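Fit chain P to the known structure of chain A by using the hints.
Read top to bottom, the protein sequences are chains A and P. Per this note's numbering, the very first residue in the first sequence carries number 7; after that it's consecutive. Per this note's numbering, the very first residue in the second sequence carries number 7; after that it's consecutive.
By construction, these hints were calculated from the structure, which means they are not laboratory data. Be aware that one or more of the hints could be misleading.
Copies of the same chain look alike in the list, so a pair counts if it fits in one copy or across any two.
What the hints assert, rightly or not - Calculated cross-link-like contacts (lysine-lysine; reagent style DSS-like; alpha-carbon spacing at most 30 Å):
id, residue 1, residue 2
1, Lys37, Lys117
2, Lys84, Lys224
3, Lys30, Lys55
4, Lys197, Lys75
5, Lys37, Lys231
6, Lys117, Lys75
7, Lys57, Lys37
8, Lys155, Lys197
9, Lys55, Lys117
10, Lys197, Lys30
11, Lys197, Lys153
12, Lys55, Lys223
13, Lys153, Lys75
14, Lys55, Lys37
15, Lys30, Lys117
16, Lys84, Lys197
17, Lys153, Lys55
18, Lys117, Lys217
19, Lys30, Lys57
20, Lys224, Lys117
21, Lys231, Lys197
22, Lys117, Lys223
23, Lys55, Lys84
24, Lys117, Lys231
Values in this document were obtained by computation on a predicted structure and should not be read as measured data.
There are 2 protein chains.
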Amino acid sequence: MTGNLYLIPVDLGNDSIDEVIPQKVLELTRKLDYFIVEDIRTARRYLSKIKTGHCIDDIRFSILNEHSKSEDIASLLKSVVEGHDVGVMSEAGLPGLADPGADVVRIAHEKGIRVIPLVGPSSIFMALIASGMNGQNFAFVGYLPVKPKEREQRIWMLESRSLNERQSQLFIEAPYRNNQLLTSLLSVCRKNTRLCIAYNISHEDEFIVTKTIGAWKKQTPDLHKKPCLFILNAGC
Amino acid sequence: MTGNLYLIPVDLGNDSIDEVIPQKVLELTRKLDYFIVEDIRTARRYLSKIKTGHCIDDIRFSILNEHSKSEDIASLLKSVVEGHDVGVMSEAGLPGLADPGADVVRIAHEKGIRVIPLVGPSSIFMALIASGMNGQNFAFVGYLPVKPKEREQRIWMLESRSLNERQSQLFIEAPYRNNQLLTSLLSVCRKNTRLCIAYNISHEDEFIVTKTIGAWKKQTPDLHKKPCLFILNAGC
Chain A
7 MTGNLYLIPV
17 DLGNDSIDEV
27 IPQKVLELTR
37 KLDYFIVEDI
47 RTARRYLSKI
57 KTGHCIDDIR
67 FSILNEHSKS
77 EDIASLLKSV
87 VEGHDVGVMS
97 EAGLPGLADP
107 GADVVRIAHE
117 KGIRVIPLVG
127 PSSIFMALIA
137 SGMNGQNFAF
147 VGYLPVKPKE
157 REQRIWMLES
167 RSLNERQSQL
177 FIEAPYRNNQ
187 LLTSLLSVCR
197 KNTRLCIAYN
207 ISHEDEFIVT
217 KTIGAWKKQT
227 PDLHKKPCLF
237 ILNAGC
Chain P
7 MTGNLYLIPV
17 DLGNDSIDEV
27 IPQKVLELTR
37 KLDYFIVEDI
47 RTARRYLSKI
57 KTGHCIDDIR
67 FSILNEHSKS
77 EDIASLLKSV
87 VEGHDVGVMS
97 EAGLPGLADP
107 GADVVRIAHE
117 KGIRVIPLVG
127 PSSIFMALIA
137 SGMNGQNFAF
147 VGYLPVKPKE
157 REQRIWMLES
167 RSLNERQSQL
177 FIEAPYRNNQ
187 LLTSLLSVCR
197 KNTRLCIAYN
207 ISHEDEFIVT
217 KTIGAWKKQT
227 PDLHKKPCLF
237 ILNAGC
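This is chain A alone, in the form it adopts within the complex (with noise of 0.2 Å):
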């Protein structure tokens, strides 16, 4: 009998764990001890932080990264095959959400093994509910282009979809451009569309804060090295 791919969340660099992660969310990830991660320091050092039952060293970790192969992830789920519960964790949050994760999902599936989502923080998600905009359509496009002209482009086009579709449109960008950014999006923008700024989410510095393109243009905050999320709406 196959086991099961469990999707584990982490917090998001939170003091208090009991904030984010359910309490049978942590019972579940102490029994684990197969896990597919990014990286195995920040996976033990957060197994550590909730008390893993088990001996850190009999913990069995494979690699799932940006740099991972198409042809080698299907063999990070010999485990699961072989009849062992495993683990996906991903850096921060939620696994499978602006990272590497659904790949090996996605193989899963072709191979008929049980996917369970569990439930944990993400901060695309707390940001888009915190800001006010639609959250009845939506959409998170990842990094926008890093060359000026390009960027501008794809803010312009993803302000008239906001408009003309009503939709949402969540981006995010290296938190050392962040600042580049935000003068596009206060260059490009007019000043009645709505931009949600929002970072450090669910610590307690916490800053999420909706304003028109027009306000923020009067009051610009620094957001450098900030890690941030950015929501646009042109519409109502």
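Then chain P, alone, in the frame of chain A:
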């Protein structure tokens, strides 16, 4: 000093609250005595289930649902402005996602009220991560049109977008129309397009399965009256 507006998650009809709501989120919910809710009866039932610290009759509920007039929504924030912490609760899962909660959050931002999202279950992102579909670029578009011709055109548009932009497309349907929607999907989409069908998420009989349209045609499930989420991806 104004209070905070907390976005309070509730379970998805689970037996075990500890599987889906973190301990500290439960503690905070039990302490609140002001709520903005979709339906008072289900809100009371949830608060009884988690053993609120207050006498249920002392808790003040305001209603925000699809019948609320936009001019009345600002008045729902009166208690926050007066200094009380207020919780927004949906019928299931996270408020502000696929429900009217976003309207009151939008106005809270206009008034400079701090909005704090809490961690809990959401069938949308649980289905997404467990589907194996692209989680680096995805859209949730709510309900599709009811009329067959319009629905088919919309499906065709969503399939094209998933192919051209590699954007996974998530949508829902009224449970009694699921089978009609599935019939349309099987007739419109290419045979290699992947479709995830997800229902009863976080329940014991949870079903989250991704197959190609060709494979679903050979073995078509009965989805009548099951609360379902569909995810389409014609790309990789």
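Hint check results:
For a Cα distance limit of 30 Å, the shortest separation of lysine 37 from lysine 117 inside one copy, 24 Å, qualifies, whereas the shortest one across copies, 46 Å, does not. Within a single copy, lysine 84 and lysine 224 get their C-alpha atoms only as close as 56 Å, which misses the 30 Å cut-off; across copies the closest is 28 Å, which meets it. Both within a single protomer and between protomers do lysine 30 and lysine 55 lie at most 30 Å apart by alpha-carbon distance, with minima of 16 Å and 17 Å respectively. Within a single copy, lysine 197 and lysine 75 get their C-alpha atoms only as close as 45 Å, which misses the 30 Å cut-off; across copies the closest is 26 Å, which meets it.
When the C-alpha separation of lysine 37 and lysine 231 is checked against a cutoff of 30 Å, the pair qualifies neither within a copy, at 36 Å, nor between copies, at 36 Å. For the homomeric pair lysine 117 and lysine 75, the shortest alpha-carbon distance inside one copy (18 Å) is at most 30 Å, but the shortest distance between copies (50 Å) is not. In the homo-oligomer, the alpha carbons of lysine 57 and lysine 37 lie at most 30 Å apart both inside one protomer (10 Å) and across protomers (29 Å), since each shortest distance falls under that limit. In the homo-oligomer, the alpha carbons of lysine 155 and lysine 197 lie at most 30 Å apart inside one protomer (20 Å), although the nearest pairing across protomers, at 38 Å, exceeds that limit.
In this assembly of identical chains, lysine 55 and lysine 117 lie within 30 Å of each other by CA distance neither inside one copy nor across copies; the values are 33 Å within and 39 Å between. With identical chains, the CA atoms of lysine 197 and lysine 30 are never at most 30 Å apart, being 46 Å at best within one copy and 39 Å at best between copies. Proximity of lysine 197 to lysine 153 under the C-alpha cut-off of 30 Å is restricted to the intra-copy arrangement: shortest distance 23 Å within a copy versus 37 Å between copies. Taking the shortest Cα distances, lysine 55 and lysine 223 never come within 30 Å of each other, neither inside one copy (42 Å) nor across copies (47 Å).
When the C-alpha separation of lysine 153 and lysine 75 is checked against a cutoff of 30 Å, the pair qualifies only within one copy, where the shortest distance is 28 Å, while the shortest distance between copies is 44 Å. Within a single copy, lysine 55 and lysine 37 get their C-alpha atoms as close as 14 Å, and across copies as close as 28 Å, so both meet the 30 Å cut-off. Within a single copy, lysine 30 and lysine 117 get their C-alpha atoms as close as 27 Å, which meets the 30 Å cut-off; across copies the closest is 38 Å, which misses it. Proximity of lysine 84 and lysine 197 under a CA criterion of 30 Å is satisfied inter-copy only: 29 Å between copies versus 54 Å inside one chain copy.
Taking the shortest alpha-carbon separations for lysine 153 and lysine 55, neither the intra-copy value of 40 Å nor the inter-copy value of 53 Å comes in at or below 30 Å. For the homomeric pair lysine 117 and lysine 217, the shortest alpha-carbon distance between copies (11 Å) is at most 30 Å, but the shortest distance inside one copy (47 Å) is not. Taking CA atoms no more than 30 Å apart as the test, lysine 30 paired with lysine 57 passes in both settings, with 14 Å inside one copy and 18 Å between copies. For the homomeric pair lysine 224 and lysine 117, the shortest alpha-carbon distance between copies (17 Å) is at most 30 Å, but the shortest distance inside one copy (55 Å) is not.
Proximity of lysine 231 to lysine 197 under the C-alpha cut-off of 30 Å is restricted to the intra-copy arrangement: shortest distance 26 Å within a copy versus 45 Å between copies. In the homo-oligomer, the alpha carbons of lysine 117 and lysine 223 lie at most 30 Å apart only across protomers (18 Å), although the nearest pairing inside one protomer, at 52 Å, exceeds that limit. For the identical chains of this complex, lysine 55 and lysine 84 are intra-copy neighbours only, at 28 Å inside a copy versus 41 Å across copies, given an alpha-carbon limit of 30 Å. Taking the shortest alpha-carbon separations for lysine 117 and lysine 231, only the inter-copy value of 28 Å comes in at or below 30 Å, while the best intra-copy value is 41 Å.
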